[in-house]
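If you read the protein sequences in the order shown, they are chains A and B.
Residues 1 to 122 in the working numbering are what the first sequence spells out, letter by letter.
Residues 123 to 244 in the working numbering are what the second sequence spells out, letter by letter.
Careful: at least some of the hints might be erroneous.
Said to hold, decoys possible - Listed next, the in silico DSBU-like pairs over lysine-lysine satisfying Cα-Cα at most 30 Å (straight line): (1) A:Lys4 / A:Lys104; (2) A:Lys119 / A:Lys4; (3) A:Lys4 / B:Lys226; (4) B:Lys144 / A:Lys4; (5) B:Lys126 / A:Lys104.
Worth flagging that the hints you see were computed from the coordinates, not collected in a lab.
There are 2 protein chains.
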Amino acid sequence: MGLKPVNLEEAAGALSELWSPKVVARVGAHYVKVAKVRGEFVWHAHEAEDELFLVLRGTLRIRLEDGDVEMGPGDAFVVPAGVRHMPVADEECWLALVEPVETKHTGDVITERTRSIEKQLE
Amino acid sequence: MGLKPVNLEEAAGALSELWSPKVVARVGAHYVKVAKVRGEFVWHAHEAEDELFLVLRGTLRIRLEDGDVEMGPGDAFVVPAGVRHMPVADEECWLALVEPVETKHTGDVITERTRSIEKQLE
Chain A
1 MGLKPVNLEE AAGALSELWS PKVVARVGAH YVKVAKVRGE FVWHAHEAED
51 ELFLVLRGTL RIRLEDGDVE MGPGDAFVVP AGVRHMPVAD EECWLALVEP
101 VETKHTGDVI TERTRSIEKQ LE
Chain B
123 MGLKPVNLEE AAGALSELWS PKVVARVGAH YVKVAKVRGE FVWHAHEAED
173 ELFLVLRGTL RIRLEDGDVE MGPGDAFVVP AGVRHMPVAD EECWLALVEP
223 VETKHTGDVI TERTRSIEKQ LE
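Isolated chain A, as found in the complex (with noise of 0.2 Å):
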């Protein structure tokens, strides 16, 4: 067993990628990623599974059909299931994910910015 923990605000700040989240732990069916983000993503929806979203560094826009939520340092929001998001970050921010082992990334939408599991788990 690794004794090691893992600082997520490090793992943000080494990934090289936007929009290329790597996973850093796993929670019973859930993963625990890190990415990097700036800029526009793509508006999607994970049919049925709820995705925590958790700032580290910078600040993120999550666009919903009902609004936007605006998020800082330290913020947490989860988009539940079927909810339609795009998340914006106007300046490079730093983010933490919690999501069900199967979501993918780009929900029921695949672009070039779609990584597979294995890629993020590299």
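Here the structure of chain A is known, so what remains is to put chain B in place on it, guided by the hints.
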């Protein structure tokens, strides 16, 4: 739908009772909780459930039978299902936890510190 994020550090800071986790969000079958701790907890295990600890403020030592995990702010560590552990905080520490909704925070041990899930949801 609530469009406001929850700030984990603020939520933890607002707690008045030590070792009494409060549910702040739900992601699928997992709760996200915050807690304020100081001193030693109790040795316990969760037979079937992994448990993620994330330090928000201060430092935490998770004692395991194989050794200690030393954690500072931003550090995350998953105690695997079935592994006996005891959290210890020399100074006051603010935490976030991610664990299945059915997890009892004192695991297989019932003590005067055990808080029912109804209490954690208040």
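Checklist entry - CA of lysine 144 (chain B) to CA of lysine 4 (chain A), is that 30 Å or under? => result Holds - the C-alpha atoms of lysine 4 (chain A) and lysine 144 (chain B) are around 26 Å apart, at most 30 Å.
Checklist entry - Does lysine 226 (chain B) lie within 30 Å of lysine 4 (chain A) when you go C-alpha to C-alpha? => result holds, 24 Å
Checklist entry - Is the hinted pair lysine 126 (chain B) and lysine 104 (chain A) satisfied, with a Cα-Cα distance of at most 30 Å? => result The hint holds at about 24 Å.
Checklist entry - Keeping to a limit of 30 Å between CA atoms, is the pair of lysine 4 (chain A) and lysine 104 (chain A) held or broken? => result Answer holds: lysine 4 (chain A) to lysine 104 (chain A) is near 28 Å, not above 30 Å.
Next on the checklist: Please verify whether lysine 119 (chain A) and lysine 4 (chain A) have alpha carbons no more than 30 Å apart.
Outcome noted: Between lysine 119 (chain A) and lysine 4 (chain A) the Cα gap is close to 23 Å, so the pair holds against 30 Å.
The structure shown violates none of the earlier numbered hints.
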